[in-house]
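**Q** Next come the chains, spelled out residue by residue.
Protein chains: 4
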Amino acid sequence: MARPVIVTGFEPFGGEKSNASWEAVRLLPDEVEGHPIHKIKLPVVFGASGDIVESAIRELEPAAVLSVGEAGGRTCVTPERVAVNRMVARIPDNDGAQPQGDPVVEGGPDAYLSTLPLDDAVSAMSAAGVPSKVSDTAGLYVCNQVMYRVLHAVRSCGLKIPAGFAHVPYTPIQTVRKPERASLSSELSSAGLYSILITSLA
Amino acid sequence: MARPVIVTGFEPFGGEKSNASWEAVRLLPDEVEGHPIHKIKLPVVFGASGDIVESAIRELEPAAVLSVGEAGGRTCVTPERVAVNRMVARIPDNDGAQPQGDPVVEGGPDAYLSTLPLDDAVSAMSAAGVPSKVSDTAGLYVCNQVMYRVLHAVRSCGLKIPAGFAHVPYTPIQTVRKPERASLSSELSSAGLYSILITSLA
Amino acid sequence: MARPVIVTGFEPFGGEKSNASWEAVRLLPDEVEGHPIHKIKLPVVFGASGDIVESAIRELEPAAVLSVGEAGGRTCVTPERVAVNRMVARIPDNDGAQPQGDPVVEGGPDAYLSTLPLDDAVSAMSAAGVPSKVSDTAGLYVCNQVMYRVLHAVRSCGLKIPAGFAHVPYTPIQTVRKPERASLSSELSSAGLYSILITSLA
Amino acid sequence: MARPVIVTGFEPFGGEKSNASWEAVRLLPDEVEGHPIHKIKLPVVFGASGDIVESAIRELEPAAVLSVGEAGGRTCVTPERVAVNRMVARIPDNDGAQPQGDPVVEGGPDAYLSTLPLDDAVSAMSAAGVPSKVSDTAGLYVCNQVMYRVLHAVRSCGLKIPAGFAHVPYTPIQTVRKPERASLSSELSSAGLYSILITSLA
Chain A
28 MARPVIVTGF EPFGGEKSNA SWEAVRLLPD EVEGHPIHKI KLPVVFGASG DIVESAIREL
88 EPAAVLSVGE AGGRTCVTPE RVAVNRMVAR IPDNDGAQPQ GDPVVEGGPD AYLSTLPLDD
148 AVSAMSAAGV PSKVSDTAGL YVCNQVMYRV LHAVRSCGLK IPAGFAHVPY TPIQTVRKPE
208 RASLSSELSS AGLYSILITS LA
Chain B
28 MARPVIVTGF EPFGGEKSNA SWEAVRLLPD EVEGHPIHKI KLPVVFGASG DIVESAIREL
88 EPAAVLSVGE AGGRTCVTPE RVAVNRMVAR IPDNDGAQPQ GDPVVEGGPD AYLSTLPLDD
148 AVSAMSAAGV PSKVSDTAGL YVCNQVMYRV LHAVRSCGLK IPAGFAHVPY TPIQTVRKPE
208 RASLSSELSS AGLYSILITS LA
Chain C
28 MARPVIVTGF EPFGGEKSNA SWEAVRLLPD EVEGHPIHKI KLPVVFGASG DIVESAIREL
88 EPAAVLSVGE AGGRTCVTPE RVAVNRMVAR IPDNDGAQPQ GDPVVEGGPD AYLSTLPLDD
148 AVSAMSAAGV PSKVSDTAGL YVCNQVMYRV LHAVRSCGLK IPAGFAHVPY TPIQTVRKPE
208 RASLSSELSS AGLYSILITS LA
Chain D
28 MARPVIVTGF EPFGGEKSNA SWEAVRLLPD EVEGHPIHKI KLPVVFGASG DIVESAIREL
88 EPAAVLSVGE AGGRTCVTPE RVAVNRMVAR IPDNDGAQPQ GDPVVEGGPD AYLSTLPLDD
148 AVSAMSAAGV PSKVSDTAGL YVCNQVMYRV LHAVRSCGLK IPAGFAHVPY TPIQTVRKPE
208 RASLSSELSS AGLYSILITS LA
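Residue numbers (this note's numbering), protein chains in the order written: chain A, 28 to 229; chain B, 28 to 229; chain C, 28 to 229; chain D, 28 to 229.
Misleading hints may appear alongside valid ones.
[Claimed, not checked] Derived EDC-like pairs: lysine to aspartate or glutamate, alpha-carbon spacing no greater than 20 Å straight-line: (1) B:K160 to A:E207; (2) C:K205 to A:D163; (3) D:K160 to A:E207; (4) D:K205 to C:D147; (5) B:K160 to C:D163; (6) C:K205 to D:E207; (7) A:K160 to B:E207; (8) D:K205 to C:D57; (9) C:K160 to C:E214; (10) C:K160 to B:D163; (11) C:K205 to D:D147; (12) C:K68 to C:E214; (13) C:K160 to D:E207; (14) D:K187 to D:D122; (15) A:K205 to B:E207; (16) B:K205 to A:D163; (17) A:K160 to D:D129.
Hints in this document: simulated from the structure, not taken from any laboratory.
Please construct the entire structure, taking both the sequences and the accompanying hints into account.
**A** Quick look at the structure:
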């Protein structure tokens with residue numbers, strides 16, 4: 028059997044009852060291009076979320092890693108270009124931590140560029156009818172921290188694989204109480220993630 | 028048989044290949060609460076669009092009228108509060124006309140308030156999982172003109188019926204080439220329109 | 028001496044320490060084109076604010092009326108096109124009232140169009156270096172109510188004068204604690220109001 | 028005499044007649060905390076702009092470097108957190124180049140974090156009445172490239188100095204023809220830059 032692909036989403040946070048990232052991840056099939064998809068639901072907690080995904084990478088030696096987060100307010104699926112070695116939290120994480128500028132990895136490089144084929148992924152999503160664009164900032168909250176930890180672990184393990192992060196918009200149901208925010212159905216977000224995986228494994 | 032309900036949508040304009048309003052309208056069933064739904068696709072043309080809907084109102088004596096338009100950039104279904112007796116066009120209509128401040132109806136009142144139950148409609152849409160809010164401006168393009176003509180015709184005919192207008196967002200496919208704009212699936216927009224009709228006929 | 032021009036601004040509300048509208052109004056000179064400028068600072072209170080401006084109109088028989096309000100989040104000076112006969116408050120006014128759909132004037136027309144020369148005013152502001160555009164909705168809070176009361180009083184008194192409303196953005200100091208909101212200096216907002224007055228009296 | 032401080036702004040681009048960054052830079056005094064301010068107007072050209080600022084850094088061994096660019100649409104002064112080793116141009120630069128993903132410096136690190144005291148600078152600007160916040164992305168156009176080149180040169184020269192980049196909004200006059208975009212007066216933007224310099228040299 029081919030090596031697995033790791034795909035992560037997040038548990039709810041910020042008072043939400045669901046997290047659009049996990050809603051999209053769990054709609055993915057169990058396999059892509061012959062690779063089993065290993066799905067992990069991460070806590071919205073600095074440190075712990077990174078530890079979990081790093082352990083999985085070290086253990087599974089995956090063929091690709093795609094971490095996914097929710098970006099309330101965005102209109103489309105946005106693969107991220109870069110993860111920055113800083114943590115800044117506007118609201119506490121689900122464990123109460125609220126870092127104000129600490130590095131993700133002490134002594135790590137200032138940032139890592141995604142190794143996903145960003146432009147090809149956007150082209151594939153567009154062809155599939157999924158609105159998308161590359162994003163140049165993943166923020167500095169738990170999402171960016173997971174992306175940094177993913178790329179740091181992949182680099183540390185000497186893996187030469189496509190790895191990175193994508194944000195998905197709120198689901199429509201999440202915006203019923205904040206109707207001025209954009210949304211995208213989980214089906215479309217999930218289709219976008221699938222296009223990213225297909226493109227990455229091509 | 029009960030009197031029909033008139034629901035209108037628009038043909039494409041502004042270089043688009045489809046119009047989100049018609050995509051949502053055509054997904055509506057053929058009947059609501061025992062009333063046949065009479066669907067009309069209107070041209071995006073000042074004057075002509077208003078003439079068509081006015082003729083239909085005079086001829087069919089409907090139980091309700093809901094006109095629908097596309098509001099590119101909006102995030103949710105927005106029933107409109109008021110139609111203003113002015114036409115201002117940033118781009119020409121599909122017949123080349125581009126009024127810059129003319130009244131919709133010479134000598135008509137400055138504006139008409141919607142006679143749809145706006146707050147109840149938003150509550151019903153929210154309960155149905157459709158993001159929505161009341162909008163306080165329908166712009167001054169063909170949409171506002173149709174809404175004004177609808178309310179003017181209803182008033183002129185002495186009909187005491189719920190009548191008004193709702194805007195729906197772009198469909199996702201429309202935003203593939205402008206991914207920074209919000210979208211909503213036609214299924215959800217259509218479900219929202221159905222909630223408005225149910226609420227209006229209650 | 029020529030008949031006065033009435034210009035109104037508002038006291039602070041919503042937790043703010045100042046109100047951009049009054050900051051702009053108080054920078055206006057005491058006279059324009061030979062007309063004394065009669066400045067009134069209105070309370071952010073439904074009813075009372077309208078009563079005050081209506082009394083002033085009845086008493087002074089002005090040559091023009093320009094009411095001004097603050098529109099947090101807007102980027103430029105926006106003369107308003109229409110006042111709607113409805114009051115809807117997202118937050119209570121400074122007296123605790125929070126109407127949810129009541130008419131401004133029981134039995135009044137659905138709306139009044141501004142009698143200010145809107146397009147000429149925008150042209151004049153642009154020529155003066157003040158960013159501006161016509162707005163198609165004044166909201167339904169105290170600002171819209173004042174605008175409706177102004178136009179209703181002017182009409183009731185049989186005055187044939189330019190009368191209406193303009194919104195101005197936050198001042199820069201107001202946005203220090205909400206830096207993602209746009210601002211405009213009081214000097215520029217005031218220059219914009221002056222251009223509206225000049226244009227209206229031409 | 029103390030070592031100079033280098034401050035750069037840009038020439039106009041994108042069809043504009045002025046560039047808000049240079050308008051703000053040229054209002055700075057000639058000295059700050061005893062350091063002469065060495066102002067450079069850079070071309071909006073990939074490569075050449077970086078070469079110019081790198082030469083100045085090597086030649087002058089400055090006490091600090093602050094490069095400044097215009098961010099049309101932003102509302103406040105935004106010191107940038109990170110420069111990324113990628114160039115992506117939506118529109119050609121002033122020399123016709125339009126890179127689509129090339130590195131700024133072949134073989135350079137993926138990104139550099141600003142060495143300016145970002146949080147202190149924002150506090151100082153707020154205290155001075157200048158709306159500001161830290162930005163997490165400088166885009167990938169000529170601005171980001173200059174920031175990367177500045178930080179790369181400072182690192183290469185072994186200088187331990189505060190160095191980085193800040194974006195300023197459009198000036199009001201620039202927004203007269205696009206009034207829905209935010210602006211900030213050059214005086215306030217310049218005051219913000221001065222606060223950044225003071226904070227950096229403290």
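**Q** None of the hints should be skipped; say for each whether it holds.
**A** Tested hints:
Restraint check for K160 (chain B) and E207 (chain A): the C-alpha separation of about 8 Å stays at or below 20 Å, so the hint holds. A distance of roughly 23 Å separates the Cα atoms of K205 (chain C) and D163 (chain A); the hinted pair therefore is violated under the 20 Å criterion. Under the criterion of a C-alpha separation no larger than 20 Å, the hint pairing K160 (chain D) with E207 (chain A) is inconsistent with the structure, at around 24 Å. Using a Cα cut-off of 20 Å, the hinted pair K205 (chain D) and D147 (chain C) holds, with the two alpha carbons roughly 17 Å apart.
At most 20 Å may separate the alpha-carbon atoms for a hinted pair to count; K160 (chain B) and D163 (chain C) meet this at roughly 18 Å. Among the hinted pairs, K205 (chain C) with E207 (chain D) is consistent with the structure: their alpha-carbon atoms are about 18 Å apart, no more than 20 Å. A C-alpha spacing of about 8 Å is found between K160 (chain A) and E207 (chain B), which places the hinted pair at or below 20 Å, so the restraint holds. A hinted pair counts as satisfied when its Cα atoms are at most 20 Å apart, and K205 (chain D) with D57 (chain C) does not qualify at roughly 31 Å.
In summary, the hint linking K160 (chain C) to E214 (chain C) is supported, as the alpha carbons are separated by about 18 Å, within the 20 Å threshold. Restraint check: the Cα-Cα separation between K160 (chain C) and D163 (chain B) comes to about 18 Å, which is no more than 20 Å; the hinted pair holds. A hinted pair counts as satisfied when its Cα atoms are at most 20 Å apart, and K205 (chain C) with D147 (chain D) qualifies at roughly 17 Å. With a C-alpha separation of about 18 Å, the suggested pair K68 (chain C) and E214 (chain C) falls inside the 20 Å cut-off, and the hint holds.
In summary, the hint linking K160 (chain C) to E207 (chain D) is supported, as the alpha carbons are separated by about 8 Å, within the 20 Å threshold. A distance of roughly 33 Å separates the Cα atoms of K187 (chain D) and D122 (chain D); the hinted pair therefore is violated under the 20 Å criterion. The hinted pair formed by K205 (chain A) and E207 (chain B) meets the criterion: a straight-line CA distance of about 18 Å does not exceed 20 Å. For the given pair, K205 (chain B) sits about 17 Å from D163 (chain A) by alpha-carbon distance, which is consistent with the 20 Å threshold.
Proximity of K160 (chain A) to D129 (chain D) is assessed by CA-CA distance (about 18 Å); at most 20 Å being required, the pair is judged to hold.
Of the hints listed earlier, those the structure fails to meet are numbers 2, 3, 8 and 14, in rising order.
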